[in-house]
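Novice: Sequence:
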Amino acid sequence: MAWQIESENRPVSFHLSEKETILLNYLKQNPHISVKKLAIIGMLTETDAEMLLAYFLTIKLITPLHTEKGFVYALFDENAKG
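Numbering (our numbering), first residue to last: 166 to 247.
The hints are simulated quantities; they were obtained by calculation from the structure and are not laboratory data. Be a bit skeptical, because a hint or two may be false.
Here are the computed lysine-lysine pairs in the BS3-like style, where the Cα-Cα straight-line distance is at most 27 Å [said to hold, decoys possible]: (1) Lys201 to Lys184; (2) Lys225 to Lys184; (3) Lys193 to Lys234.
Construct the complete structure from the given sequences, taking the supplied hints into account.
Specialist: Pasting the structure below:
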């Protein structure tokens, strides 16, 4: 998979772990995911699920969405308004 790195502005290829692939595949088929849901489907502790989400937030693959029940995470959409 190739992604743009903003500071470099050039394509970079990297390999995804099984857990990262599970997260991306889930988000391609569903509008968002919670920490608890990622922990369940990825067979992770909630701490590890939070760390994976934090990593994806850092590289701008996902974005947080605030709901009445707390935060959920969706694929980043650079064309989204807000």
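Novice: Could you run down the list of hints and mark each one as holding or not?
Specialist: Verification of the supplied hints:
1. Lys201 to Lys184: OK: Lys201 and Lys184 at ~14 Å, within 27 Å.
2. Lys225 to Lys184: 17 Å, holds
3. Lys193 to Lys234: The given pair, whose Cα atoms are some 22 Å apart, holds under the 27 Å limit.
Consistency with the previously given hints is maintained throughout, with no hint failing.
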